Amino acid sequence: MAAGLNRSERKHKAILDAATQVFLRNGYLGTNMDDIAALSAVSKQTVYKHFESKEALFIEIVTSMVSVAGDTVHERIPQFRGSEDLAAYLVNYGYQQLSVVLTPQLMQLRRLVIGEVSRFPELAEVLYERGPKRAMASLAATFTHLAGQGLLVVDDASVAASHFNWLVMAEPVNRVMLLGDIAIPKPEELHRHAREGVRVFLAAYGKN
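Residue numbering for the sequence shown follows the numbering used here, starting at 1 and increasing by one per position.
Hints are computed from structural coordinates only; laboratory data are not their basis. Where hints are given, some of them may not hold.
Calculated pairs, DSS-like style, for lysine-lysine (alpha carbon to alpha carbon, straight line, at most 25 Å) [claimed, not checked]:
| # | residue 1 | residue 2 |
| --- | --- | --- |
| 1 | K207 | K186 |
| 2 | K44 | K54 |
| 3 | K11 | K54 |
| 4 | K13 | K49 |
| 5 | K54 | K13 |
| 6 | K49 | K11 |
| 7 | K44 | K13 |
Label pairs and their computed distance ranges (CB to CB) [claimed, not checked]:
| # | residue 1 | residue 2 | range |
| --- | --- | --- | --- |
| 8 | A124 | K49 | 25 to 35 Å |
| 9 | D181 | E122 | 23 to 33 Å |
| 10 | M177 | R81 | 33 to 43 Å |
| 11 | R10 | G206 | 16 to 26 Å |
| 12 | N6 | W166 | 22 to 32 Å |
| 13 | N26 | A170 | 22 to 32 Å |
| 14 | E189 | R7 | 42 to 52 Å |
| 15 | R10 | Q79 | 32 to 42 Å |
| 16 | E75 | S43 | 31 to 41 Å |
Quantities reported herein were computed from a predicted structural model and do not represent experimental measurements. The C-beta atom is built at its ideal place from N, Cα and C for all residues, glycine as well.
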């Protein structure tokens, strides 16, 4: 259990961790609170004390996982320093996005939310707002900064961010979404893919 948490907080975390495993393995309809209680080693009553319903538990899991993933990307990518090589900086940016998103848990979560979009449309919005939309907003701010330094030629930073995002993310994410965990690329392949995406991006937006 996590250090520094009181007893109630440890139980809360244990329930969330167990529920994440069960939801991702069984889907929403295939999950029941008895399984979550058993896996988290608490009573079913305790589960309901922390979460009033299966729906509330599912919503918290999706919201938490997406937020943590977004925070991780932004923590890993520092602001560009003028002494850096721009291409290398952008390759690292793309690689960090790929390496955070292309994990079994997040890919399973995306599939699960898409499968439940008619039941929980608000969760699809959370996934989009805190995932791709947040990433592209951060990219747009970065590209505005780089254009201000004379390093990129950008008329619309949001469009440039969308182009960068899909050059880097589209192919591997779509492949893993459809083919499963076995299709998650190795780190060296992710680096190579990010380099090629950046090369095309800079051909369009780089300062000649």
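Here is how each hint holds up against the structure:
1. As the CA atoms of K207 and K186 are separated by approximately 32 Å, the hinted pair breaks the 25 Å bound.
2. For the proposed pair K44 and K54, the alpha carbon gap of about 11 Å is at most 25 Å, so the pair holds.
3. This hinted pair checks out: K11 and K54 have alpha carbons roughly 16 Å apart, not beyond 25 Å.
4. Between K13 and K49 the CA atoms are separated by roughly 13 Å; this keeps the pair inside 25 Å, and the hint holds.
5. Between the alpha carbons of K54 and K13 the distance comes to roughly 15 Å, so the proposed pair stays at or under 25 Å and holds.
6. For the given pair, K49 sits about 10 Å from K11 by alpha-carbon distance, which is consistent with the 25 Å threshold.
7. Taken as a hint, the K44 and K13 pair is honoured in the structure, with Cα atoms around 15 Å apart against an allowance of 25 Å.
8. Separated by about 29 Å at the C-beta atoms, A124 and K49 satisfy the suggested range of 25 to 35 Å.
9. Our hint of 23 to 33 Å for D181 and E122 holds, since their Cβ atoms are close to 27 Å apart.
10. With their beta carbons about 35 Å apart, M177 and R81 fall inside the hinted range of 33 to 43 Å.
11. Here the CB-CB span from R10 to G206 is close to 51 Å, at odds with the stated 16 to 26 Å.
12. Between N6 and W166 the beta carbon distance is about 45 Å. The supplied range of 22 to 32 Å is therefore violated.
13. In this structure the hint that N26 and A170 lie 22 to 32 Å apart at CB holds, the actual value being about 29 Å.
14. At about 45 Å, the CB distance of E189 to R7 agrees with the hint of 42 to 52 Å.
15. The supplied range of 32 to 42 Å is met by R10 and Q79, whose beta-carbon atoms lie about 37 Å from each other.
16. Taken as a hint, the range 31 to 41 Å holds for the pair E75 and S43, whose Cβ atoms sit roughly 37 Å apart.
Violation of the numbered hints given earlier is confined to hints 1, 11, 12; the remaining hints are satisfied by the structure.
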